[in-house]
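Enquirer: Spelled out from the first residue to the last, the chains are:
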Amino acid sequence: MTMVRTPEELESLKQKLLAAREPDKPRVSVCCGTGCRVHGSMDVIEAFRQEIDKRNLNGDISVVGTGCHGFCEKGPVVVLKPSGVFYQRVGLGDVPEIVSETVLNGAVIDRLTYVDPASGAKVVYEEDVPFYRKQQRLVLDLNGDIDPTNIEDYIAFGGYAALGKALHQMKPEGVIEEVVESGLRGRGGAGFPAGIKWRLCREADGDTKYIICNADEGDPGAYMDRSIMEGNPHRVVEGMIIGAWAIGAHEGYVYIRNEYPLAVENLRIAIGQAQEYGFLGHDILGSGFDFSIHIRPGSGAFVCGEETALMASIEDRIGEPRPRPPYPAERGLWGKPTNINNVETWANVPIVIDRGGELYSQIGTDKSKGTKIFSVVGNINNTGLVEVPMGTTLSEIVYDIGGGVPGGKECKAVQLGGPSGGCLPREHFDVPIDFESLQELGAIMGSGGMVVCDEDTCMVEFARYFMDFVQQESCGKCVPCRLGTRAMLEVLTRITQGEGQEGDIEYLEELAKQIRESSLCGLGQTAPNPVLSTIRYFRDEYEAHIRDKHCPAHVCRALIHYSVDPEKCTGCGRCLRNCPAEAISGAKKEPHNIDQEKCIKCGSCYELCKFDAIVVE
Amino acid sequence: MIILTINGREVEAIEGSTILEAARENGIEIPTLCYHEALEPYGSCRLCVVELATPRGPRLVASCVYPAEEGAVVKTDSEMVQRSRRMTVELLLASAPHAKVIQELAAEMGVQEPRVSLGDNDCILCGLCVRACREIVGANAISLVNRGFSKEVSPPFEIGSNACIGCTTCVFICPTGAIKLEDVLANRSVHRWASDFEATACKICGDHYLAPEFAAEVEQPLDAKGV
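Protein chains in written order, with the numbering used here: chain A, 1 to 617; chain B, 618 to 844.
Among the hints, a few may not be true.
What the hints assert, rightly or not - Using 30 Å as the maximum straight-line C-alpha spacing, the simulated BS3-like pairs for lysine-lysine come out as follows:
hint, chain 1, residue 1, chain 2, residue 2
1, A, 367, A, 134
2, B, 692, A, 513
3, A, 549, A, 601
4, A, 16, A, 81
5, A, 513, B, 717
6, A, 598, A, 610
7, A, 568, A, 610
8, A, 589, A, 568
9, A, 513, B, 768
By construction, these hints were calculated from the structure, which means they are not laboratory data.
Generate the whole structure from the sequences, applying the supplied hints.
Expert: Written out as structure tokens, the structure is:
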């Protein structure tokens, strides 16, 4: 057992680990984030180990299973160090060849390299992949290098040095000032300055204080926090210890989604190791400061990401928000002053302390500092995790990093901030992303979920999806949220079913205003945003549904019908044989016909026709 | 004492009181549904919203839970407040169209036919029954379960439970009459919780009037209950 008692011991351990690493020794880094695991990376890593074993190369080549590299679209992703050769979609059969050709001979295997869809060029090295080139990886920097289950990997890369610096070279107030100066704002959605929140909690009356890490990431399509915890849990732990010391807390909780088994496991391992090495527990790094972290798995309610509901849930009560004031900094967990930040915020803390607030504040825009991680999903070529400095534009994320929309389609809008956020249309893609600019446009930064919509997305149906989500996830306590979101869903549903009435848009706006103004918590207060932003930017689509009974994107089933273009139809019979409703008739080699009475509008004929002969209107 | 302004009038309030308490102390009426002065405020019905001036403009707060603060400027009946209350009542009417108290509020506020229909359930989830059962009776026989539109008041596992002592406090505190008490001869049942009791008869008139479980609870000396 290696107990680290002073910053000097930490530094010498780091040097020892670095010396043992041999930077020139070949290393195979296999992404074992959840996305790559789904693509089979656990089998790939096992195959590498067996292959290396078979060739008796155990001492010469090391294999490391890392956290999420970010490029989930192309998993399993393998990077060969130190050269940086980048292979994507690696299968079991590729493993022996990678070892014999690339690792041992330095030859590049063409079929496994990434091809830039924009230029058609093959990209050999990770740093040249356009997906990574425009990113600035501050929080995710070590995700491709370290084994998240091995604390020594983190220490070798400078881990826990910021903690040593805080405990031995700074005062608690000094740490808080540093965080204030850095301009770090909460990454969970509201963007409240972290340092100011810490100060409020430090200055609050009471001997017992708590800190909480909100790891209840629940927005559909968002997985930033998950990947931080899976790929580099020690950075979150280190951030929490520094924060606890600055605030004066001796116990911390991580409230984490139980649906994130790998994140829970890696975090548990990290906490155990941090205890073993003396970063948690009594007299941390010889400073006299005691601190411990408990893990509290959530039970699957979206609303428990709201801070007061989250605390109620930790206290084993119903996950219902309570009114504020009193704010958690004053009266939080078990009535004690409490500071809550989310995973990404805590993970930024060691970086702030390490670099100093001033240097950190040079990244980003005037009022939004540092980087932000987005999970870019939906109709996008490069699905994945993207970390960029604040102030990056949407078009840089969607086109330069994300590689644009598949199938040569146009991008119509991007939904930011999940069910609490809003949709931005293309005309705003050049606005630098920060907390203020997004709010002005009717969206929010949120926790970083980014859903890209192509031209075939019906914005009314899209808004309906989010409204359906929030009305199910509302805790149901207050009337505007429980009944108001349900009423909005009813109206949106009738619009998409062709039963919209004149005045429905105005009624939606009226409901939205009242729900925003009078709901008890943030969930209700932001729930109407997706509807308001789509009305703001795509009002014509709402009107087309209501007045013309027409869905411009051809999505809403009740408002479309399929027919056969007799000019194009060759009478091949493919649609006829596959129609589940037996609605298609016609003789062989003669144009077919769709019986509108029988048609269930499943769209299978449209999907199957090789001659583009099925028309949707 | 602190001083705040309600509807343009300076009023005094006890420190630590809520805006609702301060207003009622001073004879200013604010409508409520989920509030009861004997219970912890819950802040769920949002009927008691008032307009509070803040540096960032006026905002609505629930007066039953929001603290009365020194120098606060509050309006209890502004256009903003009225619009919010009307929408709240319209939504309640959409989900509980037969509840008399809601019909009366709607008539009072000029709320016509709701623009959507959200079912027909007299329970408006104000939580008074749950809080009374917990805070006054101490039986904890019922709770709020599920979430969103599926939220409801229920005994554990949605079956009759012997935690219920048949005191019928819930029946009397319910503002909409959603909890029905039925007495058929000696059989007393609180239908919403499927709780049945063999009621004791009055020695004088012979009417069955009291669940023995309740009587046993009442007969316990207060000090045994830690009061």
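Enquirer: Confirm or reject each hint.
Expert: We went through each hint and held it up to the structure:
A distance of roughly 21 Å separates the Cα atoms of residue 367/A and residue 134/A; the hinted pair therefore holds under the 30 Å criterion. Restraint check for residue 692/B and residue 513/A: the C-alpha separation of about 19 Å stays at or below 30 Å, so the hint holds. Of the supplied pair hints, the one linking residue 549/A and residue 601/A holds, its CA atoms being roughly 16 Å apart against a limit of 30 Å. Taking the CA atoms of residue 16/A and residue 81/A, the gap is about 20 Å. The hint holds against a cut of 30 Å.
A threshold of 30 Å between alpha carbons decides the hint, and for residue 513/A with residue 717/B the separation of about 27 Å falls inside it, so the pair holds. For the hint pairing residue 598/A with residue 610/A, the CA-to-CA distance comes to about 23 Å; that is within 30 Å, so the pair holds. Between residue 568/A and residue 610/A the alpha-carbon distance is near 10 Å, which keeps this suggested pair within the 30 Å criterion. Note on residue 589/A and residue 568/A: the hinted pairing holds, with a Cα-Cα distance of about 11 Å set against a maximum of 30 Å.
Taking the CA atoms of residue 513/A and residue 768/B, the gap is about 24 Å. The hint holds against a cut of 30 Å.
Going down the numbered hints, you'll see the structure goes against none, and every one checks out.
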